[in-house]
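Peer 1: Now for the letters of each chain:
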Amino acid sequence: MIKIMHQGWYEIISNKALTDTVYRMELAGDTSAIAKPGQFVNIKLEGQFLRRPISICDWDDTTITLIYKVVGVGTRQMSRMEPGKKLDLLVGLGNGFDVGKSGDKPLLIGGGVGVPPMYGLCKRLIAEGKPVTMIMGFNTAAEIFYAEEFRALGANVIIATADGSVGIKGFVTNAMDGVDYTYFYTCGPEPMLKAIDKVASTSGQLSFEERMGCGFGACMGCSCKTKYGNKRICKDGPVLEREEIIW
Amino acid sequence: MVNTKVNLCGIELDNPIIPASGTFGYGYEFAELYDINCLGTFSFKGTTLAPRFGNATPRIAETPSGMLNAVGLQNPGVDKVLSEEMVKLKKCFHKPVMANVSGFSPDEYAETCARMESEDQIGWLEVNISCPNVHGGGAAFGTSPAAATEVVSKVRKVTKKPLIIKLSPNVTDISEMARACEAAGADGISLINTLLGMRINLRKQAPLLANRTGGLSGPAIFPLAVRMVYDVYKAVKIPVVGMGGVSTAEDVLELMMAGATAVEVGAANLVDPYVCRDIINDLPRVMAEYRINSLTDIIGAAHR
Chain A
574 MIKIMHQGWY EIISNKALTD TVYRMELAGD TSAIAKPGQF VNIKLEGQFL RRPISICDWD
634 DTTITLIYKV VGVGTRQMSR MEPGKKLDLL VGLGNGFDVG KSGDKPLLIG GGVGVPPMYG
694 LCKRLIAEGK PVTMIMGFNT AAEIFYAEEF RALGANVIIA TADGSVGIKG FVTNAMDGVD
754 YTYFYTCGPE PMLKAIDKVA STSGQLSFEE RMGCGFGACM GCSCKTKYGN KRICKDGPVL
814 EREEIIW
Chain B
151 MVNTKVNLCG IELDNPIIPA SGTFGYGYEF AELYDINCLG TFSFKGTTLA PRFGNATPRI
211 AETPSGMLNA VGLQNPGVDK VLSEEMVKLK KCFHKPVMAN VSGFSPDEYA ETCARMESED
271 QIGWLEVNIS CPNVHGGGAA FGTSPAAATE VVSKVRKVTK KPLIIKLSPN VTDISEMARA
331 CEAAGADGIS LINTLLGMRI NLRKQAPLLA NRTGGLSGPA IFPLAVRMVY DVYKAVKIPV
391 VGMGGVSTAE DVLELMMAGA TAVEVGAANL VDPYVCRDII NDLPRVMAEY RINSLTDIIG
451 AAHR
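Chains A and B, in that order, give the protein sequences. The first sequence runs 574 to 820 under my numbering. The second sequence runs 151 to 454 under my numbering.
Think of the hints as simulated: they come from the structure by calculation, not from any bench. You may find that some hints are simply not true.
As the list claims (entries may be wrong) - Listed next, the in silico DSSO-like pairs over lysine-lysine satisfying Cα-Cα at most 27 Å (straight line):
#, chain 1, residue 1, chain 2, residue 2
1, B, LYS230, B, LYS354
2, B, LYS155, B, LYS310
3, B, LYS384, A, LYS804
4, A, LYS674, A, LYS696
5, B, LYS241, B, LYS155
6, B, LYS310, B, LYS241
7, A, LYS703, A, LYS658
8, B, LYS230, B, LYS155
9, A, LYS674, A, LYS742
10, B, LYS230, B, LYS240
11, A, LYS767, A, LYS678
12, A, LYS742, A, LYS609
13, B, LYS307, B, LYS387
14, A, LYS609, A, LYS800
15, A, LYS703, A, LYS767
16, A, LYS678, A, LYS658
17, A, LYS674, A, LYS804
18, B, LYS245, A, LYS800
19, A, LYS589, A, LYS674
20, B, LYS238, A, LYS804
21, A, LYS642, B, LYS354
22, B, LYS238, A, LYS800
23, B, LYS354, A, LYS798
24, A, LYS800, A, LYS771
25, A, LYS767, B, LYS155
26, B, LYS310, B, LYS354
27, B, LYS310, A, LYS798
28, B, LYS310, A, LYS804
29, B, LYS155, A, LYS798
30, A, LYS804, B, LYS155
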């Protein structure tokens, strides 16, 4: 069955800071439209015309976990919300990661707020009995979040910080040296994705970010060219296969 | 029982609600969400003779009570629209549809429209002479009465379908533009397209949109749309299709009282994909609230 997006009201269960600028929000509501890790929700906020697309970190039958960074007025507004408040969400947007292509030893790479969608993916890969290596890249120690959560899932976590304050000094690509993997999945800033593409030794899936109008394929606001034709980041993405990307 | 039917250029609509071009694709994305046959009709994505990818991204920016877009007429070109998109459209929509057409020369407009002539499900041509997001075309024809006349005259020669001309608000006197189109053979006028705007990214100290400028839409422009529909209704005898920031059934009544025979809903579709269905469901209640029996009765009511 093809799952289509769902519009509904979702109640905030918790909303807490993980770092100075990164927050974790749990919402309760209908999650039946979520089919794959790497999909996203689009949130209506009072006083803002356009919805705010936020990647899904994790979900179960009744709750959605979002991790978001405060980057503007919309996310700042979200960071101040209290439990009990209800939000209008479009849920189950985007194609998400294809877990089936992981091979025996998947490598997951998240940079900054590209880390959250890796969590739901990691959980599902580990549930299938796959040993997961998770590389997390941050600028500095104070920005690190969710390392323990990934370890609790059973992932082999490698941290890279640009200033060397924790783990490997440098970028996620430095941390990839010597890792044995069959396939990779990644989400993060575009320069990071590009750097990974340069050094990766296998096929993989990369999740992109773009400013969106609708988030469900109607407005052509987030189009990109690929080797497989024009795609909409919101509907045909945000996950693209390495082989189709035109850098 | 209230009557929501209106007649647009000889074709009866069950109601005046028309999702606007560029906010509804070719319908099938929305048909996954609800039965789009509840719509009066819809205006499909702006079509040009050749395929177009459109502008670089970012193409979208938030604004107070609205948004800027600079998509730049991305579309697969008229031949693919007819051979592929119309096939998918027909599976989910069974009423006459409005074909939105754009171009870069009067001959190109005419050629695109001519190729659409044999497609029976296209009920109306909505010729867009007002796209603000492409250079050397679109809006150039919508800001000069002489250029508009040339486009309308050429298209008129190749089509028997009702010909609606979509006007730009980025002009000194929109009534003059409407009169020129009417004199050149247009059957209707639709307005307003988006208003040219800009936002600047404070971190980068540069325009936020890759195209630098974009078209402003959303509730922010609604009062401008009301005023311009009011002016154009006075200026011409042909029907007016009103649009610009419409998001509720009340907005629909307001634009109709200003002079609109039918009403297009644009940016609101992007924020609330069910908005057109909801407006249609809401219309009878709101009509009753204002003691309106038939929508036809209120077209241009504010002029009387």
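Peer 1: Honestly, which of those hints from before does the structure not fit?
Peer 2: 1, 3, 7, 8, 9, 12, 16, 18, 19, 25, 26, 27, 28, 29 and 30
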